[in-house]
Amino acid sequence: MAGAASPPESAAEGSVLEVSGLSLDFGSPRGRIHALRNVSLSVPRGRIVGVVGESGCGKSSLAYAIMGLLAANGEVTDGRLLFEGRDLLKLDQRELRAIRGQRLSMVFQDPMTALNPVRRIGELMTDIQYRSGRSPAEMRRRATEMLERVGIPDAESRLAAYPHHFSGGMRQRICIAMALLVEPALLIADEPTTALDATLEVQIVHLLKNLQRELGCSVLFVSHHLGTVAELCDDVVVMYAGEVVESGPVREIFHRPSHPYTQALFACDPGRIKQATRNLPTIPGELPDLVEPPSGCIFKDRCPERFEPCDRLKPPAYAAGEGHRAACHLLSPCRPLGSGPAGEGAR
Amino acid sequence: MWIYFGRRLILAILVVVIAVTLLNAMLHLVPGDPAVMILGPRATPELIEAFRVRMGLDQPFHVQMATFFWRLLQGDMGTDVFTGRSVAAIVLEQLPFTLTLIAVSILWAAALGIPLGCFSAIRRNSLLDKVTGLLSVSVISIPAFVMALYALLIFAVELKWLPAIGAGEGFLDSLEHLILPAFTVGVSWVGYMARIVRASMLEVLGETHVRMARAFGLTERRIVFGYALPIAILPTVTLLGVGVAYLVSAAVFAEVIFARPGVGALIVEAVDSRNYPIVLGCVLVTTALFVLATLVSDLVNALLDPRARESL
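Chains as they are written, first to last, in this note's numbering: chain W, 4 to 350; chain B, 393 to 704.
Looking at chain B on its own, in the form it has when it is part of the complex (with noise of 0.2 Å):
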């Protein structure tokens, strides 16, 4: 058990080590100096030089990386260029608009992607199968940005039912802001959902425990739900865990279409204008967001499945 999870925390901190390196290399080879940038094309060289020694452009990129991970060791994950504030307090202020806008997405998606699936997998090829097979695969191949520029003229322009932009103010405001980007977000999840749980079910079902327990006369109710659901529902918990990540991405266009405060609308703006600090403590808390989400992944998994609890 404590090797597992030291183990799992050596593999994390690899995950964020290499993301961060990467990351930090695509922003080198981004073509214009940052100090240009951030100055404007009329700063004298020797300003463009004082800036370049003072957030460290000077040095290597391997020096760079090192004084980064030093600074991270000691919780800090640097400040922004422009207001000098630090970056943790920006990238936290951002980050429970997002949260909400995630789990919201996935709870919702969750909630109709699963029970729609377990259904059309035992009322196979009935009318709501096909249904939800057909809408499935629509809602999937629709660019999630698409239907969110959509349903934002249909809903928020046309018919003004659903504020357009915003996060709101106050709970029920709150609530009424998050309707429009959770829906776009999720939506294509309850697709993929309906699908993989659809197909699980029905692989488990055509299992020998499930016809030894019909040979037994147990009610179709508690096959389904006591004995197939646990099983098959394992594998959308693992896509759930990595889904957290793509759900991160999708967070930022919606954010973006939405004027939504955020995470994603922070890396936005920031890559925007070089603010490299930014950008690193955004990828830097995302990364950890999705070791975080396949960990608690595996811990369902675990908890559902004794096989797998027994192997941590």
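Looking at chain W on its own, in the form it has when it is part of the complex (with noise of 0.2 Å):
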């Protein structure tokens, strides 16, 4: 507890989180999947950082390998997880469930799976704050209040009530009162709208917003939504195929994306056509097998615009504004600022 609540503050990078050169592998029976290959990110201290991308890129996979949650057949191969200042890779079990629901907390995907069946949600709400050296009764007060904080209407009676009581939306409300009521550095929030419909969506993503600006705490929002992002995030990260190919800050992404792929991605975004369309554009061809990914620049066989150095060379990140960077060959006339994608650039 003690080295968790007083972490060295890593003032150079003002960073909460740095992930740096992070690489993951899965085991499978066809071989291993090389999931994540050189990720670097970094999530500021007080800000919400996106994480955008199809399904399958590996968004969700960093989100785990940062909670230290990863499937069995996981393995981080390579890399650094600073978190306030600490390894989280170079932590034991025992030193990382000291984090894990005090510094770092996360929101999950499906709120219908992730709250457990038999337990009231006042239990559930008092388990998590087990380590807190509060009375019980105060455990009660503040998982209430949080709960009215989150919008849940009665809810001091509520405590009493089982998840499969709520709807999606509440238990979803529910997740994120009890991933704040820990007050954590870091949340993580895995796709926590996908699951949702789009009324209930804006909402939760109203909460959030409203919720890390009241308590400080810093996001880490993996979503595959391009409007969601827009609309809550500070920066951006854009990840294909296990490889961040751009990031910066939202402004910046969404008026010049730079990266193909982004661009690609705009392109393909319900919310931005403007005209009414039968058939919605998509992405021609496939995302590489990642059991063996091909070399030079990952997205060169779905790329419009690809030409001589994609297939032999990897692009490293350069610079594509403020803050802004993007692994793509055609921005080479520009200055090359290092190997890392967004490192210091994300600030």
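Read the hints as simulated data drawn from the structure, not as lab findings. Some clues are possibly wrong.
What the hints assert, rightly or not - So the derived label-pair ranges between C-beta atoms look like this:
#	chain 1	residue 1	chain 2	residue 2	range
1	W	Gly326	B	Ser518	46 to 54 Å
2	B	Leu526	W	Asp95	28 to 36 Å
3	W	Pro296	B	Thr630	27 to 35 Å
4	B	Ile532	W	Glu159	48 to 56 Å
5	W	Arg35	B	Ser518	23 to 31 Å
6	W	Gly17	B	Ser518	43 to 51 Å
7	W	Lys212	B	Ser518	44 to 52 Å
For glycine and all other residues, C-beta sits at the position ideal for the given N, C-alpha and C.
Join the two chains, each given in its own frame, into one complex according to the hints.
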């Protein structure tokens, strides 16, 4: 507890989380799937960083890797996960547990399965405060207060209810209340609105934004929904097939997407298509096989702008604007800034 | 809630009626006139006829059944052909022996099988898991009566550690007499339960809510026993409810092999001598026992699972 409560301030970065060069494999019958390769990003204090990409790009694996909750066949092969100055990959289970649920918490994708079905909401919410040293009455009072803040009506009497008494949207509010109840330095939200319908999605996003502002924690928001990310996040990291292809402030990315993948992603966003159409556009081609990732640029096979160096060289992260980087050879006339795609540029 | 119990009661009655009717039909299909069996080969035709009338065996099948259930409604389960004693008294006299055997067997099997299943799931692929898995399959696949015979030969006949036959008198003596029968009746259930608890535990431990509990830094002990076990145990509880029916048949051989008194021994003896009223009485009691056991297991499920509780 002592180690986690008074972390050495990494003032130089000013960031809560620094992911650098993270590589992650999953064992499979076909061979090792290189799910993440050399992923770097940082989450500055008090900011919301969005991670976007299509299904299978490794964004959820990244979230679970940070939490140390990878499936049994997952293995981090390289890189560092600096959280409040400590490398999470070097901690043992006991030290990790001291951080989880105190400095680091998480909201899961599907609220219908995230809450234990045989425990009451009040029990779930007091259980997670077991290290706080508060009295049971105090824990319940805080739980009630947090439930009210996330908009659960009649919160006090709802402590006795079971998860199945609530709708999906309400359950996700409860999950958010639980995640924020422990006053984390970083909240990881893994597609928290994917399982909800569109109106609820807007409500949940506003709720997260307001609470983040009030509580001042940082958020790593994983999503495949561009509109949500634009609405909520300060910075964006775009991932494709296990690599970071572009990162930067949300305004930069949305106004001047520099990587062909990001541009293609925007072209396919139903929210940005002005003309009514029956056929939604898609990016032609398929995700590369991650058992043997191709050499050169990871996006080359689907890229409309493919040219000579793409097959030979893996593009480093080039500067594309203020705090904005993209891993694409098209930007190579610009001055290259080292190898990490995000690094200090995400500030 | 009351609708639930009403429904269960109707279901229970239906189960009893069907079971008894089926059994009665089977008894009638067995070759050999019960009257001849009971009175012996030298009985005169007049005697046999008189006996058939007295037992109601001259009536058509459906009338016999109607009479049986009508008497049953009045609390009369019939009378023993030989002694003329009430069947209810005879069966109830034997019931405690069988109930004790079943209860002790299932309790020790659960007390061992459930923790073994839990630890196999938590320490998956460990030595304990592998040994448990192997032993479970072995004890499930060895027929219980073979196990009983060998246990009898080894521990009672050869080593003379434990008594071979009877139920014993007084608490300690009865306990000593229970060890071998309860061991043989329960041992395959240790295997069953270890397998089932392991499987459902593994499933529950893979669910998102367990991941969420881990994400909040709860201790592994709390996650396993407070979050996963109450859910993982539900299929086992249901299995135990159904299992009581099988345990009754297991009790039959255990009581025969170990020469213990009990409903099982009573049934075998009664079938042997075509003593229909006793057979019917025993089946009635065991069927009721089965219905009661499934009801209890449903109620325990409801106690553990709020979703089941509310759908009652």
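The hints, checked one at a time:
A hinted range of 46 to 54 Å for the beta carbons of glycine 326(W) and serine 518(B) is consistent with their spacing of about 50 Å. At about 32 Å, the CB distance of leucine 526(B) to aspartate 95(W) agrees with the hint of 28 to 36 Å. Remark: the range hint 27 to 35 Å for proline 296(W) to threonine 630(B) is contradicted by a beta-carbon distance near 48 Å. Here the CB-CB span from isoleucine 532(B) to glutamate 159(W) is close to 51 Å, well matched to the stated 48 to 56 Å.
Look at arginine 35(W) against serine 518(B): about 25 Å separates their beta carbons, and that is inside 23 to 31 Å. Our hint of 43 to 51 Å for glycine 17(W) and serine 518(B) holds, since their Cβ atoms are close to 45 Å apart. Between lysine 212(W) and serine 518(B) the beta carbons are some 46 Å apart, a value that agrees with the proposed interval 44 to 52 Å.
This entry does not satisfy hint 3, going by the numbered hints stated previously; all others are met.
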